[in-house]
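Asks: Top line first, the protein sequences correspond to chains W and R.
Mapping the first sequence onto numbering that gives the first Met the number 0, position 196 (from 1) lands on 195, and the numbers just tick up by one.
Mapping the second sequence onto numbering that gives the first Met the number 0, position 51 (from 1) lands on 50, and the numbers just tick up by one.
It is worth saying that the hints were derived from the structure and are not from the lab.
Even glycine gets a Cβ: it sits at the ideal position worked out from N, Cα and C.
Please note that a few of the clues may not be correct.
Unchecked claim - With a Cα cut of at most 27 Å, we get these calculated DSS-like pairs of lysine-lysine:
{"id": "1", "chain 1": "R", "residue 1": "Lys30", "chain 2": "W", "residue 2": "Lys245"}
{"id": "2", "chain 1": "R", "residue 1": "Lys542", "chain 2": "W", "residue 2": "Lys25"}
{"id": "3", "chain 1": "W", "residue 1": "Lys38", "chain 2": "R", "residue 2": "Lys542"}
{"id": "4", "chain 1": "W", "residue 1": "Lys161", "chain 2": "W", "residue 2": "Lys120"}
{"id": "5", "chain 1": "R", "residue 1": "Lys414", "chain 2": "W", "residue 2": "Lys144"}
{"id": "6", "chain 1": "R", "residue 1": "Lys542", "chain 2": "W", "residue 2": "Lys128"}
{"id": "7", "chain 1": "R", "residue 1": "Lys542", "chain 2": "W", "residue 2": "Lys210"}
{"id": "8", "chain 1": "R", "residue 1": "Lys432", "chain 2": "R", "residue 2": "Lys30"}
{"id": "9", "chain 1": "W", "residue 1": "Lys80", "chain 2": "R", "residue 2": "Lys4"}
{"id": "10", "chain 1": "R", "residue 1": "Lys30", "chain 2": "W", "residue 2": "Lys16"}
Unchecked claim - Chain W regions said to be covered by chain R (calculated; three or more residues, Cβ under 8 Å):
{"id": "11", "segment": "42-55"}
{"id": "12", "segment": "92-104"}
{"id": "13", "segment": "108-121"}
{"id": "14", "segment": "124-132"}
{"id": "15", "segment": "176-190"}
Residues per chain are reported as follows:
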Amino acid sequence: MKKKKIDVMERVREASKAVITGVDDKDIEHWVDIHIMGKAYQVPADLTIMQAIEYAGYRLMRSCGCRAGFCGACSTIFRRKGEYKLQGAMACQTRVEDGMMLVQIPFSPAEKPLYDIREEKYESSVLLKYFPDVARCVSCNTCTKSCPQNLQVMDYVQAALKGDFRGIAEGSFECIQCGLCAIRCPAEIVQYHMAQFARRMYGRHGSPRDKNVESRVGEIEKGKFNDEFDRVMGLSEAELKDVYTKQQNTREVY
Amino acid sequence: MAELKLIEGYPEYMRASIALVERTRPQRIGKLLPQMTPQEREDILNLCHPDYAPGGKRTLKMGPNRGDLAPNEVADLLEAYPLIEPDKIDLSQVDYETDILIIGGGLAGTSAALLANDHGIPAQRILLTNKLRHGDANSMMAQGGTQAADRPNDSPVLHYIDAMGGGHFTNKPDVLRRLVEDAPGVIRWLEDLGAVFDKNDAGEFVELTGGGTSRKRMHACSDYTGMEELRVLRDEFRNRKIPVLEFCPAIELLTDEEDKVVGAVVWNMETDEYKIVTAKATILATGGFGRLHIRGFPTTNHYGATYDGPVIAYRAGARLRDTDTVQYHPTGAAYPQQIIGLLLTEKLRTSGAQPLNKHGEEFVFPLEPRDVEAASFIRECYIRDNGITTPTGMKGIWLDTPLIDLIKGKGSTEKAFPAMVRMFKRFGIDMIKDPVLVFPTLHYQNGGVETDPQGATNIRGLFVAGEVSGGVHGKNRLMGNSTLDCMVYGRRAGRHSAEYVKKGVKVGTPGLQHVKNHIRDMRSSGIKTDRRTPMLLPDYRGKAVLARGIDIF
Numbered sequence: 000m001k002k003k004k005i006d007v008m009e010r011v012r013e014a015s016k017a018v019i020t021g022v023d024d025k026d027i028e029h030w031v032d033i034h035i036m037g038k039a040y041q042v043p044a045d046l047t048i049m050q051a052i053e054y055a056g057y058r059l060m061r062s063c064g065c066r067a068g069f070c071g072a073c074s075t076i077f078r079r080k081g082e083y084k085l086q087g088a089m090a091c092q093t094r095v096e097d098g099m100m101l102v103q104i105p106f107s108p109a110e111k112p113l114y115d116i117r118e119e120k121y122e123s124s125v126l127l128k129y130f131p132d133v134a135r136c137v138s139c140n141t142c143t144k145s146c147p148q149n150l151q152v153m154d155y156v157q158a159a160l161k162g163d164f165r166g167i168a169e170g171s172f173e174c175i176q177c178g179l180c181a182i183r184c185p186a187e188i189v190q191y192h193m194a195q196f197a198r199r200m201y202g203r204h205g206s207p208r209d210k211n212v213e214s215r216v217g218e219i220e221k222g223k224f225n226d227e228f229d230r231v232m233g234l235s236e237a238e239l240k241d242v243y244t245k246q247q248n249t250r251e252v253y
Numbered sequence: 000m001a002e003l004k005l006i007e008g009y010p011e012y013m014r015a016s017i018a019l020v021e022r023t024r025p026q027r028i029g030k031l032l033p034q035m036t037p038q039e040r041e042d043i044l045n046l047c048h049p050d051y052a053p054g055g056k057r058t059l060k061m062g063p064n065r066g067d068l069a070p071n072e073v074a075d076l077l078e079a080y081p082l083i084e085p086d087k088i089d090l091s092q093v094d095y096e097t098d099i100l101i102i103g104g105g106l107a108g109t110s111a112a113l114l115a116n117d118h119g120i121p122a123q124r125i126l127l128t129n130k131l132r133h134g135d136a137n138s139m140m141a142q143g144g145t146q147a148a149d150r151p152n153d154s155p156v157l158h159y160i161d162a163m164g165g166g167h168f169t170n171k172p173d174v175l176r177r178l179v180e181d182a183p184g185v186i187r188w189l190e191d192l193g194a195v196f197d198k199n200d201a202g203e204f205v206e207l208t209g210g211g212t213s214r215k216r217m218h219a220c221s222d223y224t225g226m227e228e229l230r231v232l233r234d235e236f237r238n239r240k241i242p243v244l245e246f247c248p249a250i251e252l253l254t255d256e257e258d259k260v261v262g263a264v265v266w267n268m269e270t271d272e273y274k275i276v277t278a279k280a281t282i283l284a285t286g287g288f289g290r291l292h293i294r295g296f297p298t299t300n301h302y303g304a305t306y307d308g309p310v311i312a313y314r315a316g317a318r319l320r321d322t323d324t325v326q327y328h329p330t331g332a333a334y335p336q337q338i339i340g341l342l343l344t345e346k347l348r349t350s351g352a353q354p355l356n357k358h359g360e361e362f363v364f365p366l367e368p369r370d371v372e373a374a375s376f377i378r379e380c381y382i383r384d385n386g387i388t389t390p391t392g393m394k395g396i397w398l399d400t401p402l403i404d405l406i407k408g409k410g411s412t413e414k415a416f417p418a419m420v421r422m423f424k425r426f427g428i429d430m431i432k433d434p435v436l437v438f439p440t441l442h443y444q445n446g447g448v449e450t451d452p453q454g455a456t457n458i459r460g461l462f463v464a465g466e467v468s469g470g471v472h473g474k475n476r477l478m479g480n481s482t483l484d485c486m487v488y489g490r491r492a493g494r495h496s497a498e499y500v501k502k503g504v505k506v507g508t509p510g511l512q513h514v515k516n517h518i519r520d521m522r523s524s525g526i527k528t529d530r531r532t533p534m535l536l537p538d539y540r541g542k543a544v545l546a547r548g549i550d551i552f
């Protein structure tokens, strides 16, 4: 029995080896040629751009963060073989393709205006007060085309011109602040800073507040649950286990 | 050789198994297997959970936790030489002199900075250092939600009992109590700062359950919960002009003659220079250890999750807790290869997705606590041989995501899980139409530097918050309690460190005597290694390149 358990763990380790200890050339069947900042490398075809850069021998510090598409650190621009278009992508979420020519953009230089969200008035003019640059939008849609999240960036910039906080909040909600839109915008708008401000304004002033949480905070402050805590924390482990099991059996599911 | 032919993202043989999933789907809607009994849970953990299965761990030979068990990968880092030679560091010139040094810029560190500021420490007397960018943290990747017992049929006491049971009754009771009591306040704080949560038209939170939680108390921002919380707090932090050093990890703490922690040596990774930071209080908020790939598991964690905090704190004498446990999230991606190990939020199962074997059969209640659920997946794949084998040789379990739209209505998957839908779409898979393949993945550091209800440690001057700390979750954390922990204990550490500073702290001569002692103890304990830590970053370079590497520049 004991031996079998060890085998299981060893088999698990073996099965996911390639993603943990680095790629071993002998395991690879399919290869592609890519250019990293102009230099040619042959890399395994099944890798993401990020994994391919590492395979090629770069140890990343900049341009690598969560490795899962949430942090916006690994903005990359590339052209495919024979294609005139410049593409934007997250290196950790994009598979390499044969003939790809790429460079990473580790940082987007842009100053953020300072504000106190609690003091601002919830009116459309504050958007232009802090972000007058949005008025320069020429509706060229380059921001939308460069967004690796496929957000309708230009639409939320237009919502800003109308003072529509909710429209900006919803349109930009999945923004990972990678900066590719701002870097490509011919009007030099910094879309992601404006959207951050607008979401907070909407969250603070625009959306209705939950009442349950307010009353629960008050109940806790008044000590409503103290006796119950004292009782539960005074139980023996066996008694607590019993309470726990009963509670699990009354659980809400969907 | 031609590449493997894929039909809408999957090879033909996997399609055959998907057909079995589709066949059983209609009769599975609304029907679930029963939960396991406590005895069944214990049995399956002992059978094949990586923490309980033999091997993989050893006893620590030195330091405050000498005699405790830890995974080999963790012990290797604790029992290693420092990156610096203490005598070669010039401590006579202090580069930054501050009241509160915060090491780590995720939800915990950022919350701590804001609360220290709220409690009277001027922004310019706070310094936050981060290994990568401010916000490069596991917090950013938290998907499912944040627990807070705020609905009328719920209470902080029920939350406490759920978390205690999930943690196998090993949580520190007083620390856990503060977690659940502060939870509604944290949600209200986030609302005040303008975080946008999922709400209905009346402004009430849309709340869900998680594995092992008995009431609906998960507050979410679609499946970008951590990202929304952290970017709001970071924006607030930036508005207050709190100083920050990026790409400057702390590589050792500093201690004075009284063994108090009085700052840190930080290292600018881009210029290779070190800087001396002295502080009246130091808050460690460095996160977890997924990138250690314990027992060879892939991970959901961000690039910098390398256990640096406990390594440097241990040298300064900090006591650790629950070093023997690791949380494996049941549903990491197992296919396609490009996303192996990445998180598929537990909320998918909360919303109706069921785990199934290769025959399209259910084999476990979908919402057992994470360790139990993960062990049951490993059993199904490697003991019962009912897993689906991928082209790269991994085994996995189907997570029947198309059920979500069937249960919650058409369009609900896309609305609730934009990040998940997007990720699979990028690799050719439509999770609204087809199931996705999952296998447990290394997710969370349950234990860590032992904390008390104020976020203080056994070392004066050293506070901890978030994943780096130990005690609040015991030996297994429940969903939605990690982002909560970061903010509750980030806030507590921020407030209490501010109070500690305001009472008047005399910073002695900053030194590295504890590092010298550590080197001496290593030698006397007979530890033979040339490893130097903290690790800072993992190394995924190709083997062929490394074999030809020369370090000359």
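Asks: Run every hint past the structure and note whether it holds.
Replies: These are the hints, each one checked on the structure:
Taking the CA atoms of R:Lys30 and W:Lys245, the gap is about 21 Å. The hint holds against a cut of 27 Å. Of the supplied pair hints, the one linking R:Lys542 and W:Lys25 holds, its CA atoms being roughly 10 Å apart against a limit of 27 Å. With a CA separation close to 19 Å, the supplied pair W:Lys38 and R:Lys542 stays within the 27 Å bound. This hinted pair checks out: W:Lys161 and W:Lys120 have alpha carbons roughly 16 Å apart, not beyond 27 Å.
About 22 Å separates the Cα atoms of R:Lys414 and W:Lys144, which keeps this hinted pair within 27 Å; it holds. Proposed proximity of R:Lys542 and W:Lys128 is contradicted: the alpha carbons are some 54 Å apart, above 27 Å. For the proposed pair R:Lys542 and W:Lys210, the alpha carbon gap of about 57 Å is over 27 Å, so the pair is violated. Between the alpha carbons of R:Lys432 and R:Lys30 the distance comes to roughly 20 Å, so the proposed pair stays at or under 27 Å and holds.
Taking the CA atoms of W:Lys80 and R:Lys4, the gap is about 22 Å. The hint holds against a cut of 27 Å. Taking the CA atoms of R:Lys30 and W:Lys16, the gap is about 37 Å. The hint is violated against a cut of 27 Å. Interface restraint, the segment 42-55 of chain W with chain R: holds (8 residues with C-beta to C-beta distance below 8 Å; minimum three). Three residues within the 8 Å Cβ limit are the bar, and the segment 92-104 of chain W against chain R gives 3, so the coverage statement holds.
Coverage of the segment 108-121 of chain W by chain R holds [criterion: at least 3 residues with CB-CB distance below 8 Å; count 6]. Evaluation of the coverage hint for the segment 124-132 of chain W: breached, as 0 residues show C-beta separations to chain R shorter than 8 Å, against a requirement of three. Coverage of the segment 176-190 of chain W by chain R is violated [criterion: at least 3 residues with CB-CB distance below 8 Å; count 1].
Hints 6, 7, 10, 14 and 15 from the earlier list are contradicted by this structure; the remaining hints agree with it.
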